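The lines below spell out each chain.
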Amino acid sequence: MADGFISRGFAGKGRETGARSARIPPGQHEVKDFPVLSAGPTPRVNLDRWSFSLEGLVRQPVKWSWAEFQGLPAQDFLCDIHCVTKWSKLDTRWRGVSVDTLLEHVELDPKAKFVTAFTIEGYTTNMPLEDIVNGRAFVAYEYAGKPLEPAHGGPIRLVVPKLYLWKSAKWVTGLRFMEQDRSGFWESAGYNNHGDPWKEERYTGD
Amino acid sequence: MATPIAWQIASVAAIRPETPGVKTIALKLPQWMRHRAGQHYDVRLTAPDGYQAQRSYSIASAPESEGKVELTVERVADGEVSGYLHEVLMQGDLVEVRGPIGGYFVWDAVQGGPLLLIAGGSGVVPLMAMLRHRAAAGSQAPARLLYSARGAEDLIYKDELDRLAADGWGLQVFYTLTRSQPPGWSGYARRIDAAMLREVAGPLGPSPMVFICGPTLMVEAAASGLLAAGIAEDRIKTERFGPSGS
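Heads up: the protein sequence lines correspond to chains A and F, in order. Numbering-wise (the working numbering), the first sequence opens with residue 1 and increments by one. Numbering-wise (the working numbering), the second sequence opens with residue 207 and increments by one.
The hints are simulated quantities; they were obtained by calculation from the structure and are not laboratory data. These numbers were taken from a predicted model, which means no experiment stands behind them. All residues carry an ideal CB built from backbone N, CA and C; glycine is no exception. Treat the hints loosely; a few may be bogus.
Once the Cα atoms are required to be at most 30 Å apart in a straight line, the calculated DSS-like pairs of lysine-lysine come out as [claimed, not checked]: (1) K234/F - K199/A; (2) K234/F - K32/A; (3) K443/F - K89/A.
Selected chain F positions facing chain A (Cβ under 7 Å, derived; list incomplete) [claimed, not checked]: (4) L251; (5) A253; (6) Y257; (7) G309; (8) Q378; (9) R446.
Generate the whole structure from the sequences, applying the supplied hints.
And the structure:
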């Protein structure tokens with residue numbers, strides 16, 4: 001076991017101190033820029049054909065066009081984000097629609113326990129329903145007061161601050177509600193099924 | 207529930223400078239596991255008071271090198287972990303690692319080709335693992351590497367790449383130097399663009415397997431150039447790193 005191991009000559013000069021350090025999960029470090037990570041090319045999204053849907057275990061699926069989505073009540077969100085590649089960014093500012101607001105438009109089947117977020121380019125990611133309700137997640141189209149850039153998931157992405165950032169699907173086009181959990185893209189490729197940064201659930205089996 | 211990938215204490219078998227800002231660290235692992243070319247290891251440093259820092263580094267060596275793994279590390283300005291690995295770590299030291307990790311940006315020789323690899327800077331590291339694996343596995347899958355760096359002194363693995371390309375087994379290597387070129391330079395001398403991508407990718411036909419790794423802007427340029435050249439999105443795998451990537 002690795003318990004008690006100390007790296008010879010390592011003092012840790014980059015550590016945060018004080019209140020900020022309490023907001024950095026284990027194994028993470030704070031960055032000031034906003035790195036870009038995605039598995040493939042950045043897609044070009046045609047807003048005329050874009051839609052966002054809620055489907056699966058709902059009584060009546062719902063689908064919004066871009067214009068309709070812009071008409072939904074929006075809110076400002078301030079949160080810390082944590083990427084599994086070890087960086088964290090504090091106090092990120094977003095504007096978008098709370099998942100709670102979206103869910104007011106459907107009647108969820110009580111059997112629904114899990115969600116798959118799906119995207120324009122076929123990426124999927126899964127999470128427990130409870131991780132995206134009660135103010136825990138939103139669908140964002142502005143970052144730091146400007147329209148969300150394509151490389152960061154623009155025109156619109158999911159943001160689930162309490163989980164590692166791969167759960168915050170870029171270019172999201174909908175949520176599917178399910179009774180059984182179903183591993184998404186990274187969750188099928190060695191990454192943890194849940195992804196809580198505070199429990200350091202990075203990889204399969206963590 | 208799957209078993210976690212456990213932390214283990216590796217010993218540093220050798221440290222080799224590659225370029226002025228890049229070193230390769232060869233580790234001997236007590237619990238070696240065969241990796242797939244393109245995967246990475248996590249490195250964790252622990253201070254005497256318990257403070258820890260972690261980063262991910264791509265594996266440079268072929269999966270065929272049993273019991274050992276080589277990580278190539280670029281020194282990042284003010285990098286807490288890369289600075290330690292470059293300036294403090296010595297042969298014979300112990301270092302805590304876990305891996306191999308990642309199941310998407312990977313290539314196995316059994317998948318065949320043609321293979322189009324595009325690297326920017328130290329983004330060449332996981333692609334080098336693929337080329338070393340290709341050679342070790344005796345694969346003759348057609349393969350082309352387009353490798354962009356600032357200057358000739360920044361090219362990692364250049365001698366070995368030239369050797370691999372000269373062995374007649376179907377690998378071709380193309381370099382582009384974006385900032386400065388030595389006298390008599392015959393490679394490309396500009397940032398990766400659509401014309402360059404057409405010249406390099408064209409002979410591989412309409413649907414090579416593409417792996418692109420490098421800084422964000424370079425990856426975006428290469429990926430969109432290949433899309434414009436008609437290569438399908440689902441053939442293109444990318445790995446990006448920004449200033450904060452290491």
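Hints, one by one, checked against the model:
For the hint linking K234/F to K199/A, the alpha-carbon distance of about 29 Å falls within 30 Å, and the restraint holds. Between K234/F and K32/A the alpha-carbon distance is near 35 Å, which puts this suggested pair outside the 30 Å criterion. For the given pair, K443/F sits about 26 Å from K89/A by alpha-carbon distance, which is consistent with the 30 Å threshold. For L251/F, the shortest C-beta to C-beta distance to chain A is roughly 4 Å, which falls under 7 Å, so the interface hint holds.
Because the beta carbon of A253/F sits about 4 Å from the nearest beta carbon in chain A, less than 7 Å, this interface hint is met. Interface restraint check for Y257/F: the shortest CB-CB distance to chain A comes to about 4 Å, inside 7 Å, so the restraint holds. For G309/F, the shortest C-beta to C-beta distance to chain A is roughly 4 Å, which falls under 7 Å, so the interface hint holds. Violation of the interface hint for Q378/F is found here, the shortest Cβ-Cβ separation to chain A being roughly 23 Å, above the 7 Å cut-off.
Hint status for R446/F: holds, given a least beta-carbon distance of 5 Å to chain A, under 7 Å.
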